[in-house]
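Participant: Here are the chains, one letter per residue:
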Amino acid sequence: MATRYLEIRQGVLSKNDQLAAGLRDRFARAGLFVTNWVSSPGAGKTALLERMMAAMRADGLQVAAVVGDLQTDNDARRLSRSGAPVRQITTDGMCHLEADMLAAKLEGWDLDALDFLFIENVGNLVCPTWYDLGEDVRLVLLSVTEGEDKPLKYPVMFNSADVAVITKVDLAVACECDLGAMRANIHAVRPGMRIFETSAKTGAGLPELIAFLLERRRAKRAA
Amino acid sequence: MHELSIAVSLVESAEQAARRAGARRVTQVFLRLGALSGVAKEALLFSYDIATAGTLLEGSLLVIDDVPVVLRCDACRRDVTLPGIQDFRCPLCGRPTAQIVAGRELEITGIEVEVADEASPQPTGCV
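Heads up: the sequence lines are chains U and A, in that order.
Numbers given in the working numbering equal positions in the first sequence, counted from 1, plus 307.
Numbers given in the working numbering equal positions in the second sequence, counted from 1, plus 230.
Just chain U, same shape as in the assembly (with noise of 0.2 Å):
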């Protein structure tokens, strides 16, 4: 018996990364653009895309959602109230979504129809940081109820992530927190990150954020 050395160099994560690709390059056949969003558990994510779907529809806009949860389908109960199309995976128990899950969720969907799917992955600001999914733009939410320090404790996911959106900002007195401080904080894990701050409540902050969408969608269809 002897023993011998093979080289590799290749990604733990090869085979998402692969089907990622695969549905990248699928939605920009389709002209669709794609954001996945990330946060903890209760950072706003339902609320901020119940409001800004229902916006973007009156808008004329085609917009459809998946939405990853360990256990239920209420979030995506929630979104359907927008009137856009929306399905759910429950990923029973598994902490994050994957490009194969998303990809069996898609089937039957005429994508070409669609200007915008928006992913809501499972609250977990850990474990999607590694699965690609194909999307355009990685969102990353926190809100002001969570402490200004969070992307302090959760570098990997804000330097895995293109933007940064504070929600509840409504709350930022009641909670105490130095905005500030978060936004100084979230420069210092990933300097220049563009952040935007926003209200599900009362809406501010998304107007913004829907242009920018809109602008990034523009840009990805003349590329």
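To be clear, the hints were calculated from the coordinates, so they are not data collected in a lab.
A quick note: this is a predicted structure, and the numbers were derived from the prediction, not measured.
No residue lacks a Cβ here, since even glycine has one placed at the ideal position from N, Cα and C.
It is possible that part of the hints are untrue.
Incomplete in silico selection of chain A near chain U, CB under 7 Å [stated by the list, open to error]:
#: 1; residue: Ala328
#: 2; residue: Ala332
#: 3; residue: Thr339
#: 4; residue: Glu342
Given the structure of chain U, go ahead and fit chain A onto it with the hints provided.
Facilitator: Just chain A now, with coordinates in the frame of chain U:
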């Protein structure tokens, strides 16, 4: 606890490469793990023993090469190593920089396998 699913993916990749080379057993797996990979080393080592059970990798050693975050600092015109992952500023001049050169690695670099002496050499490299 994503480390278990990461360990399972790692075992699948290594086993595939080992079979392709006609190996009987994998004795060591070499992994590059970036500080920004976010993978907890202890949890991965623990998961590794579970994920390797009943595979060609059973009883093998996972050798982890820790890779620190390296940033490119335009002001200093050089790559600088960060001591941690919470302050993305050049340690030399203090300027913030988001240009990450290294530190995201989660990559198998190679494996050590046992092959029968009479086995003819198989091509190595990418799989």
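Participant: Double-check A:Thr339 for me: the hint is only fine if its C-beta lies closer than 7 Å to a C-beta in chain U.
Facilitator: 6 Å, holds
Participant: Given A:Ala332 was flagged as interface, is its beta-carbon under 7 Å from a beta-carbon of chain U?
Facilitator: 13 Å, violated
Participant: Is the interface hint satisfied for A:Glu342? The criterion is a beta-carbon contact with chain U at less than 7 Å.
Facilitator: 5 Å, holds
Participant: How about A:Ala328: closest beta carbon in chain U under 7 Å, or not?
Facilitator: A:Ala328 check passes; min Cβ-Cβ to chain U is 5 Å, inside 7 Å.
Of the numbered hints given earlier, the model fails hint 2 alone.
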